[in-house]
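> Residue-level listing of the chains:
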Amino acid sequence: MPKQMNFIVSKNSFEEFGMMVILGTTGAAMETQMNFFFTFWGIFQLKKGYKPGVAGMPFPFKKLGGAMFRKMLKGFGYDDMWEMVKDGVEEGKIKLYPCSMTMDLMRVKKKQLREICEEPVGAAAFLEMCDNADAVISL
Amino acid sequence: MVDFQLDAKGLKCPMPILKAKKVIKKMESGQTFELISDDGGSKADVPPLLNKTGCTLVEMKEDGGVFTFLIKKD
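Here the protein sequences line up with chains G and Y, keeping their order. FYI, our numbering numbers position 68 of the first sequence as 68, with every residue one higher than the one before it. Basically our numbering = 1-based index in the second sequence + 1000.
Honestly, the hints are just simulated from the structure, not real lab data. All figures in this text were calculated on a predicted structure; none of them were measured in a lab. In this text, a Cβ means the ideal position worked out from N, Cα and C, and glycines have one as well. It is possible that some hints are incorrect.
As the list claims (entries may be wrong) - Pairs of lysine-lysine, DSS-like flavour, derived with a Cα cap of 25 Å:
(1) K86/G with K1025/Y
(2) K93/G with K63/G
(3) K71/G with K1022/Y
(4) K63/G with K1012/Y
(5) K1022/Y with K109/G
(6) K3/G with K1052/Y
(7) K74/G with K1012/Y
(8) K1022/Y with K74/G
(9) K1009/Y with K74/G
(10) K1072/Y with K93/G
(11) K3/G with K1072/Y
(12) K86/G with K1072/Y
(13) K1021/Y with K95/G
(14) K3/G with K1025/Y
(15) K51/G with K62/G
(16) K93/G with K1025/Y
(17) K1012/Y with K62/G
(18) K93/G with K1021/Y
(19) K71/G with K1012/Y
(20) K93/G with K1022/Y
(21) K1026/Y with K95/G
(22) K1022/Y with K1073/Y
To be verified - Pairwise CB distance ranges (calculated):
(23) R107/G with G1065/Y: 47 to 53 Å
(24) D1074/Y with K51/G: 41 to 47 Å
(25) C117/G with I1036/Y: 47 to 53 Å
(26) W41/G with L1057/Y: 37 to 43 Å
(27) R107/G with G1030/Y: 53 to 59 Å
(28) D1074/Y with F59/G: 31 to 37 Å
(29) K74/G with V1066/Y: 21 to 27 Å
(30) D1074/Y with K3/G: 17 to 23 Å
(31) V1058/Y with E91/G: 48 to 54 Å
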């Protein structure tokens, strides 16, 4: 059985997005199944065109901080961060699960989410997935 | 002579790992791969990648912050 790690993404910040991309792509490269469950504010990460702000920066600079970090990471040789994730999704090593209840709570429609997402799942489905996981981590 | 070479200088974590994995996927058993990286994290990051992808680290050299890994596919 390949190793499996499951992550809960509950915030809409650039920091959470960055951890998802870096850990997700690296885990996939290491042949680990990387599953992400997007709940509460985390659901916004999956919306098409959403650009997360930096939680660690003071209020007026949050969005600017996101653009700044993205530019710096490009200088580190990063490709477009969603394109990096897409490779892992296409290999089946990264799976992005929107939380179904959150979508109703936050009034997010499925058509607003990126096509690379899996079908939305509820708490029971995610927890069953965790039965077989080697680690479950809340980002 | 090595079968594959990748100069990943200037790239930072996790890019050397992700680019190296793309090369490893193309390798056949017994083939060799020279990876060069100046990311300080590579020293600790490359061996775990090799463990998980059926490769052996034949040799690692360090020269002024530049790491050269000689990798062989099992």
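> Would you mind marking each hint as holding or not holding in the structure?
Structure-based check of each hint:
Restraint check for K86/G and K1025/Y: the C-alpha separation of about 17 Å stays at or below 25 Å, so the hint holds. The hinted pair formed by K93/G and K63/G fails the criterion: a straight-line CA distance of about 30 Å is larger than 25 Å. About 24 Å separates the Cα atoms of K71/G and K1022/Y, which keeps this hinted pair within 25 Å; it holds. Straight-line distance between C-alpha atoms of K63/G and K1012/Y comes to about 24 Å, which keeps the hinted pair within the 25 Å bound.
Restraint check for K1022/Y and K109/G: not satisfied, since their Cα atoms lie roughly 35 Å apart, outside the 25 Å limit. Taking the CA atoms of K3/G and K1052/Y, the gap is about 10 Å. The hint holds against a cut of 25 Å. Under the criterion of a C-alpha separation no larger than 25 Å, the hint pairing K74/G with K1012/Y is consistent with the structure, at around 10 Å. For the hint linking K1022/Y to K74/G, the alpha-carbon distance of about 19 Å falls within 25 Å, and the restraint holds.
Restraint check: the Cα-Cα separation between K1009/Y and K74/G comes to about 14 Å, which is no more than 25 Å; the hinted pair holds. Pair hint K1072/Y plus K93/G holds up; C-alpha atoms about 24 Å apart against a cutoff of 25 Å. A hinted pair counts as satisfied when its Cα atoms are at most 25 Å apart, and K3/G with K1072/Y qualifies at roughly 23 Å. Pair hint K86/G plus K1072/Y does not hold up; C-alpha atoms about 28 Å apart against a cutoff of 25 Å.
Proposed proximity of K1021/Y and K95/G is supported: the alpha carbons are some 19 Å apart, at most 25 Å. A distance of roughly 18 Å separates the Cα atoms of K3/G and K1025/Y; the hinted pair therefore holds under the 25 Å criterion. Simply put, K51/G and K62/G have alpha-carbon atoms about 11 Å apart, close enough for the 25 Å limit, and the pair holds. A C-alpha spacing of about 14 Å is found between K93/G and K1025/Y, which places the hinted pair at or below 25 Å, so the restraint holds.
Annotation: proposed proximity of K1012/Y to K62/G holds, straight-line Cα distance about 24 Å (limit 25 Å). Restraint check: the Cα-Cα separation between K93/G and K1021/Y comes to about 13 Å, which is no more than 25 Å; the hinted pair holds. Straight-line distance between C-alpha atoms of K71/G and K1012/Y comes to about 14 Å, which keeps the hinted pair within the 25 Å bound. Under the criterion of a C-alpha separation no larger than 25 Å, the hint pairing K93/G with K1022/Y is consistent with the structure, at around 14 Å.
A distance of roughly 24 Å separates the Cα atoms of K1026/Y and K95/G; the hinted pair therefore holds under the 25 Å criterion. With a C-alpha separation of about 13 Å, the suggested pairing of K1022/Y with K1073/Y holds against the 25 Å cut-off. A hinted range of 47 to 53 Å holds for the C-beta pair R107/G and G1065/Y, which are about 51 Å apart. About 43 Å separates the C-beta atoms of D1074/Y and K51/G, a value consistent with the hinted range of 41 to 47 Å.
Distance hint for C117/G and I1036/Y: a CB-CB separation of about 37 Å, inconsistent with the stated range 47 to 53 Å. Take W41/G and L1057/Y: their Cβ atoms lie about 41 Å apart, and the range 37 to 43 Å holds. Distance hint for R107/G and G1030/Y: a CB-CB separation of about 56 Å, consistent with the stated range 53 to 59 Å. For the pair D1074/Y and F59/G, the beta carbons lie near 53 Å from each other, so the given range of 31 to 37 Å is not met.
A beta carbon spacing of about 22 Å between K74/G and V1066/Y agrees with the range 21 to 27 Å that was offered as a hint. About 18 Å separates the C-beta atoms of D1074/Y and K3/G, a value consistent with the hinted range of 17 to 23 Å. Checked against the hint of 48 to 54 Å, the C-beta distance between V1058/Y and E91/G comes to roughly 27 Å, which is inconsistent with it.
In summary, the numbered hints that this structure violates are 2, 5, 12, 25, 28, 31.
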